[in-house]
Amino acid sequence: MIGTSFKLSIAEMCIHLHAESSMMVLEDGYEPFLVNDNTIPEIDVHFIRQKPIFNEAHFKLVFEAQNETQRFYSIYKNADGLCFIIYNQQTIDEVQQIAYLNNDFDSWEIHSTDSVALKYPMGPILMHYLTLKTDAVLMHASCAYDGKKGRMFSGFSGAGKSTMSKIWADAGSVIINDDRLIIRKLEKEFFVYNTPMYYVDQSKKAPLDAIYLIRHASRNSIQKLQGAYAVSRIMAFCIQNNFDSSFISKRINLFTEICSQASIFDLGVVPTPEIIDFIKANE
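Number 922 in my numbering belongs to position 54 of the sequence shown; there are no gaps in the numbering.
Hints in this document: simulated from the structure, not taken from any laboratory.
Just so you know, not all the hints are guaranteed correct.
Stated by the list, open to error - Straight-line C-alpha distance at most 27 Å; calculated DSS-like pairs for lysine-lysine:
| no. | residue 1 | residue 2 |
| --- | --- | --- |
| 1 | K987 | K1072 |
| 2 | K1073 | K1148 |
| 3 | K1053 | K875 |
| 4 | K987 | K1001 |
| 5 | K1034 | K928 |
| 6 | K1001 | K1034 |
| 7 | K928 | K987 |
| 8 | K1016 | K1073 |
| 9 | K1053 | K1016 |
| 10 | K1092 | K1016 |
| 11 | K1092 | K1001 |
| 12 | K1017 | K1034 |
| 13 | K1001 | K1118 |
| 14 | K1092 | K1118 |
| 15 | K1072 | K1056 |
| 16 | K1017 | K1092 |
| 17 | K1034 | K1092 |
Please construct the entire structure, taking both the sequences and the accompanying hints into account.
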C-alpha cells in the first residue's frame, strides 16, 4: 500500500503528517508551509481514513467549543490524554473527525471519513496545542510590518483588524496576516508568524514591537497599558481551552514576558489613513 507523508513548518515549528494510504490531502492554504528537509518534527500526526467512532464511557468531558447556533468541537480527557470530537461546520452535530492527543502533546491520531487531514477546525486546534509545547501563543489578530516595526492589532470581532490591515497595506507595509497569528519567543525575542488559512499565502515572519487593542471611536485616541491589566486585556484575544490550570499559568507567564518587551496600547480608531501617522507619533 502506498503511504502519504507531509512536513509542515508553521512559526518555525515542524509537523509531520503521515497515513498508510494515499487518501490524505491538505487544503491549498497549507501548501506554502510544506517543507522537505531533515528538521526533527515537534509533533507527529497519524491520519487514519475511516469512520470516526468514539466510546464516551472511557472519557470525561472537559470542554465544549460552541456558540448559540454551532458546535465546533468537544474535548474529552482520560489517563492517556485528550480526545477531540470535531463537528461538521455545515451540519449541526455531525461528527467530522475524532482526534486523539497524548499527554506530551507531541503525538496525534486523527480518524476521518474525509480525506482532508486538517479540515477546519482541526488545523487551528492542532496549532493551538503545538503552541502549548513551546513559548508561543495563537492569537486572533492582524499584524503589519513596515520594515522597521511589527505592529499587532487585536480586538473583538468587528473592531477593525482587517480594515487596519488594508490601511497599512495601502501605505506599503507587509501584512503578516489579518486574522490568525502565532506569537513565538526565539532566543529571548518575540516574533509574529502567519498561519495557514483557507486562501494561499506565503509563510511570513516579523518582529513584535507593539500590540494595539483596537476599538471603533469618534476620534483617534491611545493609552499605554502596563502590568497585570495589560496581560489580562491581551489574554482575552488568544485562542485557548482553559480547562486545565496549567494552561492558564503558562499563558499568564508568557504574556507577562511579552508585555515586558513589547509596548501595549488601547487604541480608539477612526479608520482612515491618518491613523498611521497618529500611531507613529504617539507610540
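Status of the hints after comparison with the structure:
no. : hint          : in the structure
1   : K987 - K1072  : 22 Å, holds
2   : K1073 - K1148 : 21 Å, holds
3   : K1053 - K875  : 22 Å, holds
4   : K987 - K1001  : 22 Å, holds
5   : K1034 - K928  : 44 Å, violated
6   : K1001 - K1034 : 33 Å, violated
7   : K928 - K987   : 25 Å, holds
8   : K1016 - K1073 : 13 Å, holds
9   : K1053 - K1016 : 19 Å, holds
10  : K1092 - K1016 : 20 Å, holds
11  : K1092 - K1001 : 31 Å, violated
12  : K1017 - K1034 : 17 Å, holds
13  : K1001 - K1118 : 10 Å, holds
14  : K1092 - K1118 : 24 Å, holds
15  : K1072 - K1056 : 19 Å, holds
16  : K1017 - K1092 : 17 Å, holds
17  : K1034 - K1092 : 24 Å, holds
Going down the numbered hints, you'll see the structure goes against 5, 6, 11, while the others check out.
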